[in-house]
Structure formats: structure tokens, C-alpha cells
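Protein chains in written order, with this note's numbering: chain A, 3 to 343; chain B, 3 to 343.
Honestly, I wouldn't trust all of these hints.
For chains that are exact copies, the list does not tell them apart, and a pair is met inside one copy or across any two.
To be verified - In the BS3-like style, the derived pairs of lysine-lysine whose C-alpha atoms are separated by at most 25 Å in a straight line are: (1) K277 x K252; (2) K277 x K238; (3) K238 x K51; (4) K81 x K202; (5) K262 x K277; (6) K252 x K262; (7) K269 x K252; (8) K273 x K252.
Because the hints were derived from the structure by calculation, they are not lab data.
Number of protein chains: 2
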Amino acid sequence: MIKVAVDAMGGDYAPAEIVKGAVEAAREKTQIQVILVGQEDIVKKELEKQDYPRDRVSVVHASEVIETEEPPVNAIRKKKDSSIVVGMNMVKKQEADAFVSAGSSGAILVGGQVIVGRIKGVERPPLAPLIPTETGVSLLVDCGANVGARASHLVQFARMGSIYMEHVIGIKHPRVAIVNIGAEEEKGNALVKETFPLLKECKDINFIGSIEAREIPHGGADVIVCEAFVGNVILKLYEGVGATLINKVKGGMMVNLRSKIGALLVKPALKETLKTFDASQYGGAPLLGLNGLVVKTHGNSKAVEVKNSIIQCVTFKEQEINEKIRESLKPEEAGQENQEA
Amino acid sequence: MIKVAVDAMGGDYAPAEIVKGAVEAAREKTQIQVILVGQEDIVKKELEKQDYPRDRVSVVHASEVIETEEPPVNAIRKKKDSSIVVGMNMVKKQEADAFVSAGSSGAILVGGQVIVGRIKGVERPPLAPLIPTETGVSLLVDCGANVGARASHLVQFARMGSIYMEHVIGIKHPRVAIVNIGAEEEKGNALVKETFPLLKECKDINFIGSIEAREIPHGGADVIVCEAFVGNVILKLYEGVGATLINKVKGGMMVNLRSKIGALLVKPALKETLKTFDASQYGGAPLLGLNGLVVKTHGNSKAVEVKNSIIQCVTFKEQEINEKIRESLKPEEAGQENQEA
Chain A
3 MIKVAVDAMG GDYAPAEIVK GAVEAAREKT QIQVILVGQE DIVKKELEKQ
53 DYPRDRVSVV HASEVIETEE PPVNAIRKKK DSSIVVGMNM VKKQEADAFV
103 SAGSSGAILV GGQVIVGRIK GVERPPLAPL IPTETGVSLL VDCGANVGAR
153 ASHLVQFARM GSIYMEHVIG IKHPRVAIVN IGAEEEKGNA LVKETFPLLK
203 ECKDINFIGS IEAREIPHGG ADVIVCEAFV GNVILKLYEG VGATLINKVK
253 GGMMVNLRSK IGALLVKPAL KETLKTFDAS QYGGAPLLGL NGLVVKTHGN
303 SKAVEVKNSI IQCVTFKEQE INEKIRESLK PEEAGQENQE A
Chain B
3 MIKVAVDAMG GDYAPAEIVK GAVEAAREKT QIQVILVGQE DIVKKELEKQ
53 DYPRDRVSVV HASEVIETEE PPVNAIRKKK DSSIVVGMNM VKKQEADAFV
103 SAGSSGAILV GGQVIVGRIK GVERPPLAPL IPTETGVSLL VDCGANVGAR
153 ASHLVQFARM GSIYMEHVIG IKHPRVAIVN IGAEEEKGNA LVKETFPLLK
203 ECKDINFIGS IEAREIPHGG ADVIVCEAFV GNVILKLYEG VGATLINKVK
253 GGMMVNLRSK IGALLVKPAL KETLKTFDAS QYGGAPLLGL NGLVVKTHGN
303 SKAVEVKNSI IQCVTFKEQE INEKIRESLK PEEAGQENQE A
């Protein structure tokens, strides 16, 4: 049985879509036990609208809500009875295996480090969303809020990201690349130049070198390593260019009668294809390297994304990702073991 | 009369498309005099295929060619008779007002600084391409190869970019923003935090604060200021996501007979709309802050982009952009003059 605490109060469509998604996850996977964290009366009212497995869906009361605009450090410190703090404390006390939230990114990142805590040896836990590509998905580490990473952080991001892609997403020997402004080893800023040779030395990852941003959407690597400022720019630009282009396409189809008729015929097929390029389809972004699992789903998540994020936690737990991360932090022994295996 | 030296040997489609574009520019604007720089026999052979104004199109011989893969500093130093070095020397000696090239970005950036030289007071000349947005175009400064900019560089980028957008593109009081990972002033990395208050103090620009990458394609600002590593990532990701999505749209239209018929009807209108989101439509990227003008056009430029890049030089010269940049570097006096005007 895998216990997932879910923030019923976080996100644009909370609590209705969160509760719905949580119930759907529990119905789909019988090994999931969902604990909805939030204001009990509100959550229970939503829950009663659903047909749910009563033995595997419960509610834990949390009287406060952290708003998106609140300064995260303060919010985590002051709102002890918020859904985020209560849910994360459950992970810390091992009353839950994972915590899923569509709430304040800042509060989730701070809470993950301060409440749940890092795996011993992890210098910085990165936020690692999956992004769609022409050929599938890639993991972008780090997109968190802690900018100014050091080379040793990036090396850990590469290792943790590699484990995640191999064992949760199922890509054998995932290709790891570092974001750079050219393919040559001598290119890049100080951080990239320092990190590049360190990644080359890692025996336990499949490092393929630099990746230029142009190649990311083409699926040029499975694990895309970068510092959080750059990762944040990549993630948000992905969304922005995608949304703008899709608007352009829609607008372009509506300019005259001929194209409007064409649009009617094209629409169903096009919708299906564009779905594969929609980041929200791929569940949430894990905060890697914590003593437990914290997953951040998009603020505008609806039931389907919440469901996918919860189900993701099952694979994470079953594949013992945290144990594998712990092992990878002793590169000497772990490297040899891997080679012998 | 405006004299534009054109690198006839640089780019994927050189010399044919370059020569064609240069001739078209001269035919379209009678105040342009084009000087094609390259291997004389080859260039003249291409030229003879065209119907061109003989008094305004000439050829200057340069025996060498700098290849894209060559290390730029070395190439500029050793290949004294390359089309890039010869063309840039013409700008330096004021035998030409501008130099346009689709050749090696690295060599153009190095040559611009080393041969043409900076305007007195300019600390670093940024490469500033126009990128398409939902509402028009924005200028992205810096996308060059010199990473690790300082706050004072970024302030100059903002000033020079602002002048360019106002007087070359014709946007009154262009909105200037700095790329950041959140809208709040306290967010960002060390460079952004240091630059933000300096930009706020600039009386001669319309600084609107931070811009998240998501808002760039929506046209959230006219001048997008960032350090070159980030600018490079933005520019290339723009291209990559755009190309991937358009492929997806094309693929999605071809999945069944119904959608194929729809595609035929939609195609002409769609093509026209997507053209407005094609970066190559907007001519080349100027290297701002040089004693003269150097414009880098995309390596895969065809005649139309080459033509647009050459015509761009006319406005740059007529609007006396370099004089305006020179003035803006004395912020105290210039600021007051602007307010009085």
C-alpha cells in the first residue's frame, strides 16, 4: 500500500478538481491510499459528490491555506496548520510516502527542504519537471527557486535525474546533457566549463555532452541539466512559445470561409496530436533528493493531472528511487557495483 | 547614399542567395550602394545572372573564406584577406557604412570588436536580434558569445536596445524589461538583483521591471535585457519549440483522410499567419555599440532575409543610431536634454 497525502487546498481549481483527481487515482490503482489534507468541512463536502473507495480515501484536517503570493519562508514558518505544512509533516513522520500539491511553488520548495529534509549527502534538492519533446519526454533539472548552483550540485542533478528517467519513466541508459550555448567543450559560462569535465568523469551516467536549447524540443537528451535560473527560463518559454503558436494556428484557421471549413475537418486530429506536446499531461515535477517524495503539479492542474501526479508516486516508491539516489552518492562503490551487475 | 558591404561568401546559401538578395535591395532602395565582398570570379559569375543597377552594385575581391567551424579569434587574426575581415576593414576605414554577413557568428562578433571597434564608452557590444511575438517584434539583448556580463553592461544594453527599437523599428517609448524568474523585485540571481535598481534609476528608458520567459512570446516587453548565456538559450529555444510545434501541427493534419482534406483548405491561410512568427522575416541582428554597423543574418538566410538585412542598414544610418548611442552614454546631460525636448 502506498500512502499519498494530497494538498486539497492548493491550485487554481482546488478543492473540486483536486478531490476529483485524488478519487480517480484511488479508483484506478488499488495499492494507493489517498489522504486529502485541507479544511475538513470543505473537503468532505467535495468528497461526498464522488463515488470513492471509503477504505482508501480519508481526510486530515488543516485549518490554514498558504496563498501563492505569500513569501514562502514566512508562510512555512507561520502557518503550522496549513495543508502544505501538515502534509509535509506526514511525509516526515512517515505517515505518508508522498505529498502532492498544486499550491505555491515557493512554499513547496522551502517546505520540502525545511520540513521533509534532504537525503544525507544531497547538497540541493532540484525541482525536475518532465517536458514534452518530438520523440517523448525529457527531464529538466533544475527548475527550482534556488539560483546560483555550484558544479557539484549539477553533478548530483545529473545523477538523480538519470535514476528518475531510467526507473520511473523507463528509459534505458538515459542520455544526460548540460545546457550550453554551443556544442564544443570549451564553450559556455564559468559554471558549465567547471561542470562539464566532472560530468565526463561520472561512470554511472550516460553523459553525451552539451545541448543547445534548439535541440531540447527535438528530444536531443533525456536528462537536461542546468542551473535553476536557466531551467526556469526554459520551462516558462516552452509554455509561452507553445501557447502563442497554438493561438496563431487557431487564428490562422479562422481568416476566411475556406479555412474555417478546413479547420472543422482538421480539428479532432490536431487536438489529439497537440495533446502530446502539452506539459500538463505528464503529471507533476518531483523534488528530487528528499527523505520522502514531494511532487509539485502545475497551479492550473485539473483532475487528470492530479491523478497522474498521484499515480507517478507509486512507481517512484516501487522502484525505490530514494534508495537508488542514496547509493549513487557513493560514486566509487556504486560505480563498480553497476559495472559488475 | 548608404554604402553596405555584403559578405558574399558567408552562409548556407552563399554566394547565390546572398548576391540575389543584395541586388534586390539595391533595386528596391535607390539610396543603397552594395559592395559584394568575396572571391571575385565566383561573385561576378553569380552577379551576371542578375539584372542589377551597375552604378550601385560592385565587387571587392577577398581571396579567403572563414568557415563556421574555425575558432573565431584565430580566423580573424590569420585570414586577413577573408570576406569578413575585408568587409569589416571597409567599415573601419569608412569606405562602407555597414557590413552584413550570414557567416560565422563567432568571427563576426570578434571582428566587430577587434576590427570595427567600439563606440567610446561602450563596455561591450551586444548582438541584438528581433524575435517575433504575438503582437509584433521584440529586441533580445544580448545573444552574443560573451557570457558573464556585468550589471553596467546590462544597463548599456537596455539603453542601446531602447534607442534601436524607438528609431529603427518605430516603437514610441519602448518598454524595457529584464529577464527574471519571477515578477517581484527581490527575485532573481545576483546579476539581476544588482541590475534591477540601476535600470530603475535610468531616466532615459521606459523600464517596466522583470519579465518571466512565459511573457516574452506574448509581447510583454519591447526590449528584453539579459546576459548572453540566457539570451542564447531564449533565442535557440524559440526556434526549437517553434519548429517542433509546426511539425506536430503538420503531422496532426495528415493522420486521416478527413484531416488531410481539411489541411488542403487550411494551408494557405495558415502559412500566411505562421510567417509572422518566423524570425527570419525580420532581417538580421545588429551588433550594437560599434563605430559603424555590423549586421549578422541567420546562417540559413535566403535572398529575402539578406535583402531585409541590407535595407535595415538604411534606417539605422538615417536615424543616426550611433550618434544617439554616443549621446545616451552621458546619462546626466542626455537625460536632461531628452526631458527638455
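Hint by hint, here is what the structure shows:
no.: 1; hint: K277 x K252; verdict: both (15 Å within a copy, 14 Å between copies)
no.: 2; hint: K277 x K238; verdict: both (18 Å within a copy, 23 Å between copies)
no.: 3; hint: K238 x K51; verdict: neither (35 Å within a copy, 48 Å between copies)
no.: 4; hint: K81 x K202; verdict: neither (44 Å within a copy, 34 Å between copies)
no.: 5; hint: K262 x K277; verdict: both (21 Å within a copy, 19 Å between copies)
no.: 6; hint: K252 x K262; verdict: both (10 Å within a copy, 17 Å between copies)
no.: 7; hint: K269 x K252; verdict: both (10 Å within a copy, 12 Å between copies)
no.: 8; hint: K273 x K252; verdict: both (11 Å within a copy, 12 Å between copies)
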